[in-house]
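Engineer: Listed below are the residues making up each chain.
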Amino acid sequence: MFVPETLIPALYELQERFAALSRDSGFKDVLRHYLAEYVGRPTPLYYAGNLSKRLGMRLYLKREDLCHTGAHKINNAIGQVLLAKTIGKERVIAETGAGQHGVATATAAALMGMDCRVYMGEEDMRRQAPNVSRMRMLGAQVAGVAQGTRTLKDAINEALRDWVTNVRTTHYVLGTVFGPHPYPTMVKEFVSVIGREAIAQVKRAEDRLPDAIVACVGGGSNSMGIFAPFIAHRDVKLIGVEAGGLGIESGKHAARFATGKIGVFQGTRSYVLQDDNGQVLATHSVSAGLDYASVGPEHSFLREIKRAHYSHVKDDEALEAFHLLAREEGIIPALESSHALAYVVKHASSFRGKLVIVNLSGRGDKDLAHVEGLEAKL
Amino acid sequence: MKRITHLLTTLAANGHKAFIPYITAGDPDCAATLRVLHVLEAQGADIVEIGVPFSDPMADGPVIEAAMERALKSGTTLVDILRTVREFRKTSSLPVILMGYFNPFHAYGIERFAADAGDAGVDAVLTVDLPPEEAGEFSAMLRKQGMAPIFLATPLTDTKRMAVLKKIAQAFIYLVSVTGITGERNGLAAGLAAKAKELKEETGLPVVLGFGISGPLMVRQYHDIVDGFVVGSAVVKRWEETARNPAKFGELKTFIASMAHECHRNDIRP
Chain P
6 MFVPETLIPA LYELQERFAA LSRDSGFKDV LRHYLAEYVG RPTPLYYAGN
56 LSKRLGMRLY LKREDLCHTG AHKINNAIGQ VLLAKTIGKE RVIAETGAGQ
106 HGVATATAAA LMGMDCRVYM GEEDMRRQAP NVSRMRMLGA QVAGVAQGTR
156 TLKDAINEAL RDWVTNVRTT HYVLGTVFGP HPYPTMVKEF VSVIGREAIA
206 QVKRAEDRLP DAIVACVGGG SNSMGIFAPF IAHRDVKLIG VEAGGLGIES
256 GKHAARFATG KIGVFQGTRS YVLQDDNGQV LATHSVSAGL DYASVGPEHS
306 FLREIKRAHY SHVKDDEALE AFHLLAREEG IIPALESSHA LAYVVKHASS
356 FRGKLVIVNL SGRGDKDLAH VEGLEAKL
Chain U
8 MKRITHLLTT LAANGHKAFI PYITAGDPDC AATLRVLHVL EAQGADIVEI
58 GVPFSDPMAD GPVIEAAMER ALKSGTTLVD ILRTVREFRK TSSLPVILMG
108 YFNPFHAYGI ERFAADAGDA GVDAVLTVDL PPEEAGEFSA MLRKQGMAPI
158 FLATPLTDTK RMAVLKKIAQ AFIYLVSVTG ITGERNGLAA GLAAKAKELK
208 EETGLPVVLG FGISGPLMVR QYHDIVDGFV VGSAVVKRWE ETARNPAKFG
258 ELKTFIASMA HECHRNDIRP
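Protein chains in written order, with my numbering: chain P, 6 to 383; chain U, 8 to 277.
Hint data in this document are derived by calculation from the structure and do not stem from the laboratory.
Note that the structure is a prediction, hence the values are computed from the model and not measured.
Each residue gets a CB set at the ideal place from its N, CA and C atoms; glycine is no exception.
Among the clues, some could well be false.
[As the list claims (entries may be wrong)] Short derived list, chain U residues pointing at chain P, Cβ under 10 Å: (1) ALA19; (2) ASP63; (3) GLY68; (4) VAL70; (5) THR84; (6) TYR108; (7) PRO138; (8) PRO139; (9) GLU141; (10) GLY143; (11) GLU144; (12) ALA147; (13) THR161; (14) ASP274.
[What the hints assert, rightly or not] Just a sample of chain P residues kept apart from chain U, beta carbon distances all over 12 Å, derived: (15) GLU10; (16) PRO14; (17) LYS33; (18) VAL35; (19) PRO47; (20) ALA115; (21) ASP159; (22) ILE161; (23) ARG173; (24) ARG239; (25) GLY252; (26) VAL269; (27) ALA331.
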């Protein structure tokens, strides 16, 4: 818990209440109800036949893009907002990068009748304009952040400042497996439904577990959500894909495991892209959701113990995969998820004949204008 | 460390409060920081708090955040800051507190930092995002070099938490006057007097009030309940104005002197 003293009582309270509620069958029933009837779970595990043929493997997509609001973020947001309401908070705040977590929190807040304010870097508001409109339509206030690099890390700083100020009345719905304890644990718990479903579904379809799971890693929530239930199944390779941006050598990327060092940032100790003086570096990715200088501490741990493998793909590779999935399967993926798919395409020869699941963490509607804009410039 | 305790004891014996202005190191460069430290001392500061700039200062408001951005822009590093303290020490025995976030200390190497900071003449270190839970190793290293680890208490700190602070804190407790970030305020949290009194009783340490202190009137209002005042944004703002308009230098000096005067009055009764 690397946070200012003001937040310490709130974090202890959250630990306690979360621990109690995760054993509370009433709370779990309500959450299950919302996940089934509102979010639309279970999401399909779809056999991507055309791509499988083309790539020479058996490729399945875990369709988190079909969740209500269009990404896996809603699983965590519903859980946390329900928790906030149960423990008597009146207001929720959130940070958002791609806007998916902001939309998910605004949605859950509308559903449960809570005030909601979402912090978003101005650069991200530009890249992900449709999501800004959606949040406002849902009744949330969207606060643009003009400080620093005007992206996700600055939005988190502002959200933390708000929380320090309004900690008595407000719950901070952190959107990924990051930040001070208990957030990494709590968010993992709420998103692990993805992996639990995938295990049951792949067993039903193939009567076995997959050879590999591939997911993109920004803060790391969708990947942790699908990885976590598979960790104990040691024969299943877990592969996290970071944003390689314009290439590692360009310095414009968000591949924390490629060049980062252990540091302490925004409440936790993990790999951080930083300079020699411990100042956090600006990152770059075509996808706002992966454009972050650090990564969930449990991913660092999984890498340390060699249970998961982390790699990266570049902006242009992700864009290619974006188009490929749209044309081959009729599914427009989020640019974030396109990174996971791009890794599989790039390394298709090593997956030949294998059974692979890609976590398709979100849909790409939010990215259309951004992609068209980028490609008009080419 | 001893210097701070001795100073607070002496001030208290005379009914005075410690005046602790804050300045961000390297704003806009370290040569300027050395100059302003001398100004603060000449106008009556008892202790100076020097901020170590960090790219992501989550507990700071816009004034100090902007100062940290200016400092980083001019390339200020911890090496430069310790050199500045060493330089200041040549002519001053004023206690120096370094305030910062953990990652720059961590990147420097905490053992090396403790040795170099102690050697440069730093008396205490306040690491904003290192609560007692995480501070054990770093605090031990600081103490070994004769420096005090400083910890924050807030309006939300309860009796149980005070016992945790008592185990690790030294020199004084820094009482955050509001639930919030740094920056000038018109009014502070309710119940501060009771909180300060309880903190003193529970920890046996002096209590210094900071965050939100905007001017002499606020010092007068809370004079009776604490042992000193940290004034950050109000100083940084005036210092920044002098950089753009040298004619404002007089205003900065007058402000510092008036704050020192208010802290050093002993004719205030509740």
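Engineer: Hint by hint, note whether the structure agrees.
Structural biologist: Okay, the hints, checked on the actual structure:
1. For ALA19 (chain U), the shortest C-beta to C-beta distance to chain P is roughly 24 Å, which exceeds 10 Å, and the interface hint is violated.
2. Annotation: interface hint on ASP63 (chain U) holds; nearest CB of chain P at approximately 5 Å, less than 10 Å.
3. Interface hint at GLY68 (chain U): satisfied, since its Cβ lies 8 Å from the closest Cβ of chain P, which is below the 10 Å cut-off.
4. Using the Cβ-Cβ criterion of 10 Å, the hint placing VAL70 (chain U) at the interface with chain P is not satisfied: the shortest such distance is roughly 12 Å.
5. A cut of 10 Å between beta carbons decides the hint on THR84 (chain U): the least distance to chain P is about 5 Å, and the hint holds.
6. Annotation: TYR108 (chain U) was flagged as interfacial toward chain P, and the flag holds, the nearest CB pair being 8 Å apart, inside 10 Å.
7. Checking PRO138 (chain U) against chain P: minimum C-beta separation of about 5 Å stays under 10 Å; hint holds.
8. Because the beta carbon of PRO139 (chain U) sits about 9 Å from the nearest beta carbon in chain P, less than 10 Å, this interface hint is met.
9. With a least beta-carbon distance of about 6 Å to chain P, the hint placing GLU141 (chain U) at the interface is held under the 10 Å criterion.
10. Because the beta carbon of GLY143 (chain U) sits about 13 Å from the nearest beta carbon in chain P, more than 10 Å, this interface hint is broken.
11. The interface hint given for GLU144 (chain U) is violated, since its Cβ lies 12 Å from the closest Cβ of chain P, which is over the 10 Å cut-off.
12. Because the closest C-beta pair between ALA147 (chain U) and chain P is about 17 Å apart, greater than 10 Å, the hint is violated.
13. With a least beta-carbon distance of about 5 Å to chain P, the hint placing THR161 (chain U) at the interface is held under the 10 Å criterion.
14. At its closest, the beta carbon of ASP274 (chain U) sits 34 Å from a beta carbon of chain P; the interface hint therefore is violated under the 10 Å criterion.
15. A cut-off of 12 Å between C-beta atoms contradicts the statement that GLU10 (chain P) is not in contact with chain U; the least separation is 4 Å.
16. With a least beta-carbon separation of about 5 Å from chain U, PRO14 (chain P) fails to lie farther than 12 Å from that chain, contradicting its non-interface assignment.
17. Under the 12 Å C-beta cut-off, the non-interface status given to LYS33 (chain P) relative to chain U holds; the minimum distance is some 29 Å.
18. For VAL35 (chain P), the shortest C-beta to C-beta distance to chain U comes to about 30 Å, beyond the 12 Å cut-off, and the non-interface label holds.
19. At roughly 38 Å from the closest C-beta of chain U, the C-beta of PRO47 (chain P) stays outside 12 Å, upholding its exclusion from the interface.
20. No Cβ of chain U approaches the Cβ of ALA115 (chain P) within 12 Å, the least distance being about 27 Å, so the stated non-interface status holds.
21. Non-interface status of ASP159 (chain P) relative to chain U is broken: a Cβ of that chain comes within 12 Å, the nearest being about 8 Å off.
22. Not every CB of chain U is more than 12 Å from the CB of ILE161 (chain P) (nearest about 8 Å), against its label as outside the interface.
23. Annotated as non-interface, ARG173 (chain P) brings its C-beta within 12 Å of a C-beta of chain U; the closest such distance is 7 Å.
24. The claim that ARG239 (chain P) is not at the interface with chain U holds, since no C-beta of that chain comes within 12 Å of its own (minimum 32 Å).
25. Every Cβ of chain U is farther than 12 Å from the Cβ of GLY252 (chain P); the closest lies at roughly 23 Å, confirming the non-interface assignment.
26. At the 12 Å boundary, the C-beta of VAL269 (chain P) falls inside the reach of chain U, the nearest C-beta of that chain being 5 Å off.
27. A cut-off of 12 Å between C-beta atoms confirms that ALA331 (chain P) is not in contact with chain U; the least separation is 37 Å.
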